[in-house]
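Q: Listed below, chain by chain, are the residues.
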Amino acid sequence: MALLLPWILSIPLFSIVILLLFRQLSRNQQTLIALLAPIAGLLLLAPMIPDLLQGAVFQQQWQWLPVLGLQWTFRLDALALLFSFLIFGIGLLVIFYARYYLSASDPMPRFYASLLLFMLAMLGIVLSGNVLQLWMFWELTSISSFLLISYWSHRSDARKGARLALTVTAAGGLALLVGLILLGQVAGSYQLDVILSKGPQIIADAQYPLILVLILLGAFTKSAQFPFHFWLPNAMAAPTPVSAYLHSATMVKAGIFLLIRLYPAIAGTDLWFSLVSLAGLLTLLTGAYFALFQHDIKGLLAYSTISHLGLITLLLGLDTDLATVAAIFHIINHAVFKASLFMAAGIIDHETGSRDMRKINGLWHFMPVTASLAMVAAASMAGVPLLNGFLSKEMFFSQTLHQSVLGALSWLLPLLATLAAVFSVAYSARFIHDVFFNGKPIGLDKIPHEPPRYMRVPMEVLVALCIGVGVFPQWLVGDILLAASTAALQQTPPAYSLALWHGLNLPLLMSVVAFVAGIVLYINRKELFLFQAGFQSTLAIHRFEGQVQRLVQRCRQFSQWAEPGRLQWYIAAMLWATVLLAGYPLLQLNSLQGERGLLPTDWFSAVLVVIMVLAAMATVIWQRQRLLALIMISVVGLMLSLLFIRFSAPDLALTQLAVEVATAVLLMLALYFLPHRSPKQSAHATLLRDLILAGSCAIVVGSLAYLMLTHQADSVSSYFLANAKSGGGGTNVVNVILVDFRGFDTFGEITVLGIAALGIYKLLTGIPRFKPSADADGRSWALDAHPLLLRVVSQGLLPLALLVSVYLFFRGHNLPGGGFVAGLVTAVALIMQYIAHGVDWVKPRLNLQFSALVASGILIAWLTGAFSWLFGKPFLTSWFDYFDIPLLGQIELASAIAFDLGVYLTVVGSTLLILANLGKLTTRHKPEHRGQI
Amino acid sequence: MFSLILLAVMAVIILALCLNIWSLLRGPAVADRLLALDTMYINSIALLLVYGVYASSQLYFEAALLIAMLGFVSTVAVCKFLLRGDIIE
Amino acid sequence: MTTLEWLISGLLCVGALFVLLGSVALLKLPDFYTRLHGPTKATTLGLGSLVLASMVFFNLQLETLSLQQLLIALFLFISAPVTAHMLIKVAMHHKLKHHHTTQGVDKLPAD
Amino acid sequence: MQNSLFATPLRSTLLFLVWCALHNSVSPVVLLSGVILALLIPWVSRGFREVQPQVKRYGLFGRYLLMVLWDIVVANLQVVKVVLGRNSALKPGFVLLPLDLKEPLPLTILAATICLTPGTVSAELLPREADAPQFLLLHVLDLQDEAALIRELKQRYEAPLQEIFACSV
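Residue numbers (the working numbering), protein chains in the order written: chain A, 1 to 933; chain B, 1 to 89; chain C, 1 to 111; chain D, 1 to 169.
Source of the hints: derived by calculation from the structure; they are not laboratory data. On a predicted model such as this, the values are computed, not experimentally measured, just so you know. Even glycine gets a Cβ: it sits at the ideal position worked out from N, Cα and C. One should not assume that every hint holds.
If you want a taste of the chain C side facing chain D, the calculated C-beta under 8 Å gives, among others [claimed, not checked]:
1) Gly-10
2) Leu-27
3) Leu-29
Derived lysine-lysine pairs resembling DSBU-like cross-links, with alpha carbons at most 35 Å apart [unchecked claim]:
4) A:Lys-762 to A:Lys-920
5) A:Lys-680 to C:Lys-107
6) C:Lys-95 to D:Lys-91
7) D:Lys-81 to C:Lys-28
8) D:Lys-102 to C:Lys-107
9) D:Lys-154 to C:Lys-95
10) D:Lys-81 to C:Lys-107
11) A:Lys-446 to A:Lys-762
12) C:Lys-28 to D:Lys-91
13) D:Lys-102 to C:Lys-95
14) D:Lys-91 to C:Lys-107
15) C:Lys-97 to D:Lys-81
16) A:Lys-526 to A:Lys-160
17) A:Lys-680 to A:Lys-843
18) A:Lys-160 to A:Lys-359
19) A:Lys-920 to C:Lys-28
20) C:Lys-28 to A:Lys-680
21) C:Lys-28 to D:Lys-56
22) D:Lys-81 to D:Lys-154
23) C:Lys-97 to C:Lys-107
24) C:Lys-95 to D:Lys-56
25) C:Lys-95 to A:Lys-680
26) D:Lys-56 to C:Lys-97
27) A:Lys-762 to A:Lys-843
28) D:Lys-154 to D:Lys-56
29) C:Lys-107 to D:Lys-154
30) D:Lys-56 to D:Lys-102
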């Protein structure tokens, strides 16, 4: 049955894909597809329930990156089951509800896809059996929450709220990651099973305080605990179904889930009790207090949620096992009543167009059914008997009486708990009285009425649960609560009873006091509101936005400093870094001379080198006359190719030659747009600086080269030499390395090449459109654009060049050549046609979409690589064989040829995409006025 | 003896290359330099041909062929640039 | 040294001398127009001679079929005139000085 | 006919020979692939070929090529003389060669021939309307007798080319 676990996760994914692919489906069909995920999930869970309630644990795992301790592990126990029920159950109702909540203009597929993405992420958290995997899903919930809060992206408050929520939760997530990594290192494994069984060892470790604080940071930010609670009220800019689902029932419980999940491993110390209980207590009180003063219904519910989350956290911080049971119980109850309250708020918002409690009054007359349902749920929130909220609150009260976390001041806790309950009753009363009674509506845009029939159904289900659990707790949730608590504590909890009536005791008294005092407080609220109004409060969101703006400002300043937009600066920075990084190790060596002796001087090569040096120097001297510099650098390239050939690297020589020409053409195309001479502007100090930099580079690089050449390096090349023929089927080792041994690199490189070409193509559109009417010396241009001789000869040369490139392509595997050179030769031959005939002549004859050529090249290379998957081999495993064909003799076929074809097409496409389009650019903007021919 | 002659022939061609770089640096006009560059291309081909005989290997002829082809394109492109400014128009 | 080797050596020497001659012409002759004749003719012929030598060497001396050199020559014979043509066009366009003894300067196009 | 695989027999033959030469081999594989490529490549690049007059007399064309080769050798000996002589003794000059040939391909061959042979470089086709040039401007390294040079060029090179391509005179 464990095999079913991945399916539970993949069904939401399936629905997402369908929703995004078929956007034109009707709203009902989209809702059905979205509903498929939770329904199927519940059905898949159903057969596992009996075993899970008996304490079984299902686990399924695959290797992912075992080196890093990463494994896909899915683990389902009763605690995860409980949360899965919440996720699926509330998710089901929320999806159904959203069908009626969203207006016709809201893009539904995006909403459902994000919601399902969240569902998937949340399930991932509760079903993870590996803490690193858990963390990934954890971050995914933050991201999907961001997408959902900013769903109405045209609204500024939605964008800001989303940004705030993401910043806080993701920052906490990073702390959590560090904490989890440390935890895994201490426990020796990232597997949950191992970690849970090593509790004492973890607690005894010196790093325990750090681990605990980091993990608590993650949990507290996610679960909106004080002082990180401020993001939650701002997340209320989300559509109400999202608030009901993420920001009350599930996502904000993720932090609490994590605390419960890791309870056996990291809880039970004084540090834990003081940190967790203090955070919980403060959250409980601030949430309850501020909830009363909200005028926005959702704001009230948000602060109330914060308060209840604080309550649960406080329970986890109490040093009794029963407190954990109470916490889990309250998670269920809170999810049920708060989700229904949010749905009520959504209905009210939907039907009145407002969420301001100062405007919406007396709705009882307009929507009695909704009002009754909401009132029941609010009563549950206040802790009225016969409702589920009452039960867990009673448990909470009784636990506060049986703890000693605050030492001698522990008696304060029941008192403060009662105080929080007073406020909780007061804001619940405000919710009921202000919204449904208290006179008539003020200044509403429309006359409210009951919502569509089915919009109420989810609420009805939830309210029924409130009452059901309130009256028959043991029968409805007793089993799962016990099993979940056992799973959480890793041991059977002490006996407790889930009954409605425990007799006249202290907790009951606390409830009564809270109830009466709460009503009194609400009736006398005017004074308190006046008192509260005396505080100058800056909203958290404004503070946050201000900080974001400041941060952006800082970053801008930094990037203006680090990226002044001057090419010289970048190159200088890069070169200095190279000099320092490469030069420092040289200082550690005693001598450059290695164990290899020097070869006798080869005078011919020496002369070539001298020519090359002369040309390089001339390039530098004439750098201001750009065309001259270009000619000189061509000499450098030519000599370099000759030297490559001399030292047995014909492949390099071929490539160097081809690249040389392509670059020369490119540079000339670019030169056209530049002044032919650049003015002499460098100050002497600048020249000196550049000289020092160039000299340092020369010294370091020269020394490194000498070092490398005189040392006997045991490199990988001997392996390549030995295996090229047997492993890759080619005798040209360079080519076999490119298309086979290091095929993945090549694949990456051609992808980069394609992207670069597309990028350049895109950048070209913004280039200034002018055509200089005269050359550097003020001569107007010659008048015959396409000399006849050149045209005729270039037409004749094209087939020859194509033939040569075919030749180079096919023999590349065994002798110098290959797809790259062949591609460049083809591209150069086609560029020659452009040069000789012009764009207008070539365009109708070369009916090729260059970008498509690039894409097909990369695709072919990828398919060649992916083909080996069919045979269960890793990506890009090469294949070759020899065939005997009568008359023709032996022929070799290799998958590398197909891969090389991809390289070829990409190179041709990229080169033409850049050169031909740069050329076309000037044509398109040719000025009207042209000389006489 | 034969290989000595080959070496001597290569030396003569390299001498030609040296004369070319001299012409190239001397100029005076861009056209002169371009002519010198083109001659360098051709002389490099010559060098490769002799080197092929010297090494008894046909491996170098492709490079020579490619120099002939690509050198031509690059010289023509520079000419076009000097004549028209816009080499692809 | 066999006769064949003498033949090859002779061809090589002739070739190399012509190549050198082309480069000398480039350096020695007085104006661009006359210099152009060096590489287009002497160097091309020198290369032809070297190609012949190499053909003889591979096909007769080593007795392996070797035709690639022929392609080099073919290519050069096609491309050299065009290169020269383009270069002289540039020179005329740039109105480069001609040697003082040049005749028929009036025939140059006016622009 | 324009689009058929066999539209350009001369070009295909040339490509086939070049393919064999590239491989230095006449093995069956090379021959077969050579035939395929020699037919396929002209077809693929057919758009890049403007219609040219066809060679009508192959024998004459062959003879012409051999003659040019011989002339190259002779011409070079002249160049040697000039190059090694004194610069002040140089008598370079520009010459206008009136053209009877009008078609681009024969014209190109003529210009190329002139470029490779006796001390002349084709400088420019004049006037510059590409369609119908009337003169070929030459630069001559050592100009002794302008009229004789023009006569020789027309007789030795232009006339055979007209015959080879069977152009109307």
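Q: Against which earlier hints does the structure fall short, listed by number upward?
A: 1, 2, 5, 11, 17, 19, 21, 24, 26
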